[in-house]
Amino acid sequence: MLLDTRQSLETPEGALLPLTPAGFGVRVLAQLLDILIRYGIVTVIFIVLSLLGRMGTGIALILAFLLEWFYPVYFEVSRQGRTPGKKWMGIRVVNDDGTPITFGPSLLRNLLRFVDFLPMLYLTGIIASLCNRQFKRLGDLAAGSMVIYEAPPTREPSFEVRGQLPVPADFSTDEQRALLAFAERSKYLSAERQSELATILLPVIGSKDPVIAIKQMANTMVGKQ
Amino acid sequence: MNLDQVTIEIRPRSAWEAVDLGLLMAKRWWLPMMKIWLLVSFPFFIFTLLIPDNWFWVGALFIWWLKPVLERPLLHILSHAVFNELPDTRSTFKLFPSLALKQIFASLTWRRLSPTRGMDLPVVQLEGLSGTRRQDRLGVMHRVDSSPASWITFMGLLLEIFLWVGMISFIWAFIPREIDIEWANFFFDQESSNLHLLQLSIWYLALSLTAPFYVACGFSLYLNRRIKLEAWDIDIAFRRIANKRSTAKILPSLLLTLALGLSIFAFDAQRSAVADEQLPAVEESLETTEEYSGEAVIDKPLGEFTEIDRNQAQESIKAVLQQAEFSRKEIQRTLKFDEREEDEPSTFWKKFFKFLANFEGFVAAASVLEILLWLAVLALIGFVFYRYRHWLAAQFVRIKPTPIPKAKPVTLFGMDVTRESLPEDISTNALKLLQAGDMRAALALLYRASLFHLVHSGVEIHDGHTERECAELMREHFAKNSAAQTRVAYFVALTREWQRLAYGHLLPSAEKAQYLCANWNSCWLQQSNTASAQGAAE
Chain A
1 MLLDTRQSLE TPEGALLPLT PAGFGVRVLA QLLDILIRYG IVTVIFIVLS LLGRMGTGIA
61 LILAFLLEWF YPVYFEVSRQ GRTPGKKWMG IRVVNDDGTP ITFGPSLLRN LLRFVDFLPM
121 LYLTGIIASL CNRQFKRLGD LAAGSMVIYE APPTREPSFE VRGQLPVPAD FSTDEQRALL
181 AFAERSKYLS AERQSELATI LLPVIGSKDP VIAIKQMANT MVGKQ
Chain B
1 MNLDQVTIEI RPRSAWEAVD LGLLMAKRWW LPMMKIWLLV SFPFFIFTLL IPDNWFWVGA
61 LFIWWLKPVL ERPLLHILSH AVFNELPDTR STFKLFPSLA LKQIFASLTW RRLSPTRGMD
121 LPVVQLEGLS GTRRQDRLGV MHRVDSSPAS WITFMGLLLE IFLWVGMISF IWAFIPREID
181 IEWANFFFDQ ESSNLHLLQL SIWYLALSLT APFYVACGFS LYLNRRIKLE AWDIDIAFRR
241 IANKRSTAKI LPSLLLTLAL GLSIFAFDAQ RSAVADEQLP AVEESLETTE EYSGEAVIDK
301 PLGEFTEIDR NQAQESIKAV LQQAEFSRKE IQRTLKFDER EEDEPSTFWK KFFKFLANFE
361 GFVAAASVLE ILLWLAVLAL IGFVFYRYRH WLAAQFVRIK PTPIPKAKPV TLFGMDVTRE
421 SLPEDISTNA LKLLQAGDMR AALALLYRAS LFHLVHSGVE IHDGHTEREC AELMREHFAK
481 NSAAQTRVAY FVALTREWQR LAYGHLLPSA EKAQYLCANW NSCWLQQSNT ASAQGAAE
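Residue numbers (this note's numbering), protein chains in the order written: chain A, 1 to 225; chain B, 1 to 538.
Fair warning: there could be bad hints in the mix.
To be verified - Now the in silico label distances, taken between C-beta atoms and shown as ranges:
id, chain 1, residue 1, chain 2, residue 2, range
1, A, Gln164, B, His142, 33 to 43 Å
2, B, His462, A, Thr99, 54 to 64 Å
3, A, Leu32, B, Ala376, 30 to 40 Å
Treat the hints as calculated values from the structure; they're not laboratory data. Every residue gets a Cβ at the ideal spot worked out from N, C-alpha and C, and that includes glycine.
If we strip away everything but chain A, and leave its shape as in the complex, we get (with noise of 0.2 Å):
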């Protein structure tokens, strides 16, 4: 079997949804994000309501306990599992079956975020989604959640050539696929590799220059001229 980070579920109509967790690395800077933003507003709570004395001090921890549990699960029930530093790595905590995250689930994952965070700066929690393939810590288990990544927005198209071509017919969905994707990042690519990629497809198509051709294909697709 392939190794890969993309995983598809089924559902129940037949239908893929590929869905790929996020590992240790991008989950790390997010939580470090949503740290440095608490601990600000923690700060300015601090500093203002020391000015009221001790009363002040009170209700400054309050506060500050409340912001602690509650952050992440504010922001992950009222924004589709986002909080402000997973939106700015973008990822998000969706249920097990794809599905965005409730309160229920929210708020356990976060209520042992203290379990995974043992005993020493989420080292249990990083040891924990090494062992299984959704990069799940303790709190992800217990509640039946995950955190993946956002698919990125598709934009339009370009392929800076003009006029359309049929698709061979017998050509299969991947392929015809396969012919977007060289078509879409033909960009990123140097000229030499891209005659050298649609040379490959060469017998197949049999046209002068197989690199127009095939971004000619690809206009005919996404409904170019």
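Go by the hints and put chain B onto chain A.
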């Protein structure tokens, strides 16, 4: 490099996703990597143990410093395993000297602290580049998707340290509380610790645990960059398309081979089925377990459970620890800075600070400051209320917004309705125009003057109204004013004639026009005072 044989899914990934793939790779080939790592690094670890105790940190640093070289065989294993040619430990070990010596000086000196070390190693080791060509290649590699390269180096270092501290505290957790030791000194203080061997071993273990993951993540970043640069996935897909089409032509012959193969396989299966039957049905050599015939192991009665007095135990442990065997006295002579001299010049400053400390004025200043701060807070709150008063008012109190006086229109329906554009005496001028034969201009003048008066007596006419609507507005406006009824009637009549003329080009009869021109002044100017007063009141 054979792309058909890859064991990882080739597709362009985001940078961090590539790091995750590295984690999966490290997990998959954990065992071969660990084997070669231990084989290669263990001699160096033994060497560090020979370093004198008080230079123990040098040993720890030494083995950490050698990591770039020790990691190279791991990369060798990974780079082949990805193409399904997992090398065995023996051949990798034989290769180690040649792998290690490649640009070893640079790797261990100025490149040792390079944060992108993990991602750069493949360029040296697998592509064999050096000098400016290496620099150029690295420039291409780092152009995009390389930010995690530094992060994983940083995180790897942190992970090593945390694993080290974590494992030490794990061991510490198993030391009973009765033994009252200062654990922090026990492990971290150089003078009192006799556990350098343990610390060094744990450090080595931490390095060993992280190394495969670090190498794999760096390699995966490198690989991802190359997949994107050279479009490996498209290469594979295109080859597959081409192969499929070319094999389609030789399909008949392939079918024949397949059929042959199947028949052979069937024959094989038959034969193995026969072989299975010949196996002995049940193995009956299971011997009964030997009877236990020796003496009873526990010969003393267990007796009653007596609870240990913890305090007493602690006392006795202390007493034992205080015996000569458990302690030794050392006299250490070390150099220290002489701190006596610093006292002398500070008498003035001391006095000064003492004076400052007892200065009563600070208390007053502090209370003034406190008052000022409170004032500032109040001012801030007041400012916020003032700043958002409209918003607050909108939230809590429904205040009728003060009507904004509308500017009187200057032109209506493309006609000038300012005082300057109108002559002093409307009727006379209109009659003059009428006599000159320009009936259109005469009526236009009358209409304009009427509109001007309407606008300034408070009828809210704007550009969007039709002539008929103007008449209606006027009728409503003066509904209660009986004195103005003649004016209303006049305006209705004028409007009708004006519409007929302006849109239908139908001239009014001469006497009608005459009447309108002559009566304008008497209709509009007589009660203008009362009308404008009424308009202002509304």
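A quick look at each hint next to the structure:
1. A:Gln164 <-> B:His142: 33 to 43 Å: The hint (33 to 43 Å, Cβ to Cβ) holds, given that A:Gln164 and B:His142 are roughly 38 Å apart.
2. B:His462 <-> A:Thr99: 54 to 64 Å: holds (56 Å)
3. A:Leu32 <-> B:Ala376: 30 to 40 Å: The hinted range 30 to 40 Å holds for A:Leu32 and B:Ala376, with Cβ atoms some 34 Å apart.
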